[in-house]
Each structure stands twice: as C-alpha cells, then as structure tokens.
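**Student:** Respectively, the protein sequence lines represent chains S and R. Note that numbering that gives the first Met the number 0 has the first sequence beginning at 0, numbered continuously upward. Note that numbering that gives the first Met the number 0 has the second sequence beginning at 0, numbered continuously upward.
The set of hints was computed from the structure by calculation and includes no laboratory data. Among the hints, a few may not be true.
Derived pair list, reagent style DSSO-like, types lysine-lysine, alpha-carbon separation capped at 27 Å [to be verified]:
no. : chain 1 : residue 1 : chain 2 : residue 2
1   : R       : Lys156    : S       : Lys125
2   : R       : Lys156    : S       : Lys98
3   : S       : Lys100    : R       : Lys156
4   : S       : Lys125    : S       : Lys56
5   : S       : Lys54     : R       : Lys88
6   : R       : Lys88     : S       : Lys148
7   : S       : Lys125    : S       : Lys98
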Amino acid sequence: MIELSGVEKHFAGQVVVHPLSLTIKEGEFLTLLGPSGCGKTTILRMIAGFEHPSKGKILLDGADLTSLPPNRRDLNLVFQHYALFPHMTVEDNIAFGLKMKKLPAKEQQERIQEAVAMTQLTPLVKRYPHQLSGGQQQRVAIARAIANKPKVLLLDEPLGALDLQLRKNLQSELKHLQRSLGITFVYVTHDQEEAMMLSDRIVIMNSGKVEQIGTPREIYAAPTTLFSATFVGENNIFSQDGRLFAVRPEKLKAVRTEDGAKRIGEVLDVLYLGSIHKLIVQLEDEPMTVSIVFDFTDERPWQVGERVGVNWNAEDEVVIGS
Amino acid sequence: MKSKNHPLLGIHSLLVMIFIYLPIAFIIAYSFNSSRLAADWSGFTFEWYVSLFNNRRVMEALSNTLIIALVSTVVSTLLGTIAAIAIRKVGRKSRAGIGGLLYLPIIIPDIIMGLSLLVLFTQFHIPPGKFTIIIAHITFSISYVYVIVTTRLTGMKGQLEEAAQDLGADAWQTFRYVTLPQIMPGIISGAIIAFTMSLDDFMVSFFVSGPSSTTLPIYIYGQVKRGISPEINALCTILIVVSVTLIFLAQFALNRGKGQKKQSVLPF
Numbered sequence: 000m001i002e003l004s005g006v007e008k009h010f011a012g013q014v015v016v017h018p019l020s021l022t023i024k025e026g027e028f029l030t031l032l033g034p035s036g037c038g039k040t041t042i043l044r045m046i047a048g049f050e051h052p053s054k055g056k057i058l059l060d061g062a063d064l065t066s067l068p069p070n071r072r073d074l075n076l077v078f079q080h081y082a083l084f085p086h087m088t089v090e091d092n093i094a095f096g097l098k099m100k101k102l103p104a105k106e107q108q109e110r111i112q113e114a115v116a117m118t119q120l121t122p123l124v125k126r127y128p129h130q131l132s133g134g135q136q137q138r139v140a141i142a143r144a145i146a147n148k149p150k151v152l153l154l155d156e157p158l159g160a161l162d163l164q165l166r167k168n169l170q171s172e173l174k175h176l177q178r179s180l181g182i183t184f185v186y187v188t189h190d191q192e193e194a195m196m197l198s199d200r201i202v203i204m205n206s207g208k209v210e211q212i213g214t215p216r217e218i219y220a221a222p223t224t225l226f227s228a229t230f231v232g233e234n235n236i237f238s239q240d241g242r243l244f245a246v247r248p249e250k251l252k253a254v255r256t257e258d259g260a261k262r263i264g265e266v267l268d269v270l271y272l273g274s275i276h277k278l279i280v281q282l283e284d285e286p287m288t289v290s291i292v293f294d295f296t297d298e299r300p301w302q303v304g305e306r307v308g309v310n311w312n313a314e315d316e317v318v319i320g321s
Numbered sequence: 000m001k002s003k004n005h006p007l008l009g010i011h012s013l014l015v016m017i018f019i020y021l022p023i024a025f026i027i028a029y030s031f032n033s034s035r036l037a038a039d040w041s042g043f044t045f046e047w048y049v050s051l052f053n054n055r056r057v058m059e060a061l062s063n064t065l066i067i068a069l070v071s072t073v074v075s076t077l078l079g080t081i082a083a084i085a086i087r088k089v090g091r092k093s094r095a096g097i098g099g100l101l102y103l104p105i106i107i108p109d110i111i112m113g114l115s116l117l118v119l120f121t122q123f124h125i126p127p128g129k130f131t132i133i134i135a136h137i138t139f140s141i142s143y144v145y146v147i148v149t150t151r152l153t154g155m156k157g158q159l160e161e162a163a164q165d166l167g168a169d170a171w172q173t174f175r176y177v178t179l180p181q182i183m184p185g186i187i188s189g190a191i192i193a194f195t196m197s198l199d200d201f202m203v204s205f206f207v208s209g210p211s212s213t214t215l216p217i218y219i220y221g222q223v224k225r226g227i228s229p230e231i232n233a234l235c236t237i238l239i240v241v242s243v244t245l246i247f248l249a250q251f252a253l254n255r256g257k258g259q260k261k262q263s264v265l266p267f
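Pulled out of the complex, with its shape left as it was, chain S reads as follows:
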C-alpha cells in the first residue's frame, strides 16, 4: 500500500531520519513508536507531504508521490492538536475536504452523516469546536479525515492531549473504527502500551533509526536490540561472558539463597500493585537492580533487606544483538 524506499531526512546538516525502507500493507494498523525526537513524526509528515525526504521515494499504491503537494495525496492526517477550523461548525469542518474535492452536495451530506454516525457526533454537528470537550474535538478531527475516504489515515499522537481514562476509551474506539473501515492506519505514538494494544505491526525508532519492526508479540517476546528490549515493557538486562541477554520480570523467580540461584541479591523494595506484586532486588555482584513480578497466587511474604536468590529458565533468556 505505502512503500518507503531509502527515505532519509536531513535538517541543517543533521540526520533526522536515517535511510528507511518500509512497506505498509493494505488494511494494516502500523505504529511508529519511539521517544520524542526519534524522527517518527517526521516520517509521518513526509508521507503526508509536509516534509520532503532528502533522499528516497514514497509510493502509494505503486504511484510515486514524493513530489506531490499534500493537497494532492490521497491520504489524510489527524493532527496531534486536532487543528479544527475554529470558525466552522463540526459539520462544516467535516465538509471542508469534500467541498475542496467538489463532491456533489448530496454525496457530501451522505458522507458527513456516515462520518458523524461512526464517531458518535450526530447530536453535535451544529456546534463550534470551542464548545466541545477534548475528546469530542478529537472525534471531529477523525471524522473530518475519514469522510474523505482516504486510502491511508495518518495519525500523529492523536490521543496525546487527553487524560488517561479518555485515552483508554478512544483507543478501543480507534481500533474498532480501523477494523470496520478496513483502511490502512499509520499511527505515531510514544506510548508503548498504546502501541502494543492497537497495532498489527510496530516500528520501534530511536534517534532516527529503526530499532526493530515486528508484531507486538514478536517485539515483546523477542526484542532484537537493547533499546527495544527496554523501551517496550519492563525488562532485566544481564551480561555474562561478553554477551547481553534480557529476561522479563515475570520470567524471573525469587528463591531462597541456598537453592542454587543464578544471582544473589537483597530485597530493596516490595511493591503491591493489585493483581501482581513486584520485588526490586539489588544484586550483590553487579551494580544493578532487577525486578521480579509475581502473580497474585504467590503469597510468600518477602521482607525488605532479606537476601534472595534470583533464578530463571535458560529458555527465557533473550539474547540481544551487540
């Protein structure tokens, strides 16, 4: 559907996006995940046409759109801060793209009805953006984009400005929307939990480079770099004989010291988090702490300051390349 081939971006002599080749499949929910400043938004803006790649090509459905301006690309962007037109009602905001495309009035109406129904905005069509809550504004931004029936919907941290509860609700709505529309979503976020929950595939980025591309399951279970091992979910990184490997906190076991543990340490903290609880252990031989997660069935009362053995199964070690 979208193909990036050797796309690079430099700003003032600095490389913001290292050469990147990526194929995004039709109907896929693909997330660009990384900390702020990692280049994920730049990639999205290059696809939308607001930035020009310094090198490389961007193809949509096989057609080269590298040199097309944003208004002639058959895709739409949902902006982080919504960018709703303040002087237009919800209805007129949604109609804007349809008017620019000079669709017949009847079809415009149908598309608006469909978009507002899908985003549950029907009672609010006559309102102005400043009369809406943040979550409602976000819905309008999405409705305005999907009314155009784009081949691809680009979303730039669309839930970034909302509070946690609202985010959770809108996340599942978004996922639902993407399934029912069946269009390709390219989603940018720095929230790894959000990425895991929504995506078919995740591209993990760090300082302009792709660290790993994979399904949420692959990325969680088999991170290939130190960055993806620690950025997505909590992880414990051990080094032994010059190699690095990661073991997830839920794969670690806390045992009594005399039972032949792989590492020995001292309990630094015990955290109760409802369904799970967690030990923070300071290792004796290495200047690092590990965390161990137990599920609710483990009732052993660990005390702060107690010596503890840390153990794991060899098959749970995930070796991290260089």
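Chain S is fixed; fit chain R onto it per the hints.
**Tutor:** Same frame as chain S, now just chain R:
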C-alpha cells in the same frame, strides 16, 4: 478590586483618573456652555454644535480628513496585511530584522516622520496637499496594521493551514477559507486603528499639508491660536467620541472569535 485594599490605593487611583481625564472633561463640558467665555458657566446649549455644521471651513476640513483617513486606511490595511502574511515565509533571522523595520515608524517621533517626509516630497517636487498627507498617513498606518495582523497570525492555532492542505485545499483555497477568516478580526481592528490614527494626526499632517488640504486637527490648531472658542470644544468633543468609539470597536473586533481569551488590541 475588592474592598480589602488599602484605602489610600483607592484615593491614588482616583487622583490618577482625575489627572488624566480632567482636561478632557473640561473640553466636553464647555462645549455645552452657552457662554462664549470659558471662565463662567451660563447654561446648557447645543448651539456650538449647530454652528459647527454651518461653518463652511469646518465642513471642508472634515471632508478632507475623512477622504484622507479612508484612502490611507484602505491602502495601509492592504499593504500591512500583505506584509504580515508575507513575512512568515522569510527565515527567522531576516524576519526579526524586517519585522523591526516595519515596526519602527510607531517608535520614530512624529516630528521626525513629518520632517523627513517633507524633505522627501520637496526633493521629488511633489506639491503638498491631500496626496502627500495620504502617503504620510499610509507610512505610519502600515506599521499599526502590520503589528495587529501579525499578533493575530501568530495567535492562530497551529497547523490549521496544514490541515486545510491535507484536506485538499490548494494555496489560494487555504488562504481564502482558513487563513483569511482567522485573521479577519485582526484586519478589521488594524483598519480601525489606522483610521483613528489618520483622523487624529496633527504633527505629520502639519508638515506635509498644503493650503487646500487643511484637516480637522490642523484647523483646530489654527483656531486655537486665536483663542479657544466653544465651537472648537464641540469639535474636539466629536473627535474624542469618534476616536474612543472606534478604539472600542477595534478591541471588540480583535476579541471576536477568540473564545474566552481576551487580548489587548495594543501590543505596544
């Protein structure tokens, strides 16, 4: 202000208000005084207002003033708005430089503006008259329009223009349907300020006016030399009312469409 404040603060504020507004209050009050002498009050009258409208020279000055204000407002609003829009495309460093130059006429003393324009017009053998006053007023009005429209442009919520492009609008459509409606309150407010500035201007006009282009402020100045007549008080009162009304309108225009956020019309 709640009553919790120190009582002296209230008295101080009152004194400041009196200091600022007493002279104006006198002018307004005496414009209704039926006595020709400013010293004593002998009753209320509209006589001076009526005689103003029958005074051919006042009416001529009024028509000059209005023509000059209208033409200079239209031209400076156009140029100032275009400048404010265009400067966004310029790099950050040159923007600061050019912006400063556009801003400068607000700070330059009027007397220097007037004098330099007079020298310029003389150099080019342009006879002083309405045309030269209009040019002079345009030069300082552009700055006001530029500053006000720029404030509005920078206050425009981010990415609106990008959103328009993303939805298929070309450069003209983006300007026509998104940018222009967004900055319209700024343009209107800038135009009103420019009109007021032109209406009130004495110093610059004085330097570049000719015998047939007397404006109201120049006429008033000429009359005052022969003593303050009640007609002048009436004329000043009209000017005050018109100016204040226009400034309020400008403030109202600029705040419109901004939701609850209020912003002063005068950023300088």
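**Student:** Check the structure against each numbered hint from earlier and tell me which ones fail, lowest number first.
**Tutor:** 4 and 6
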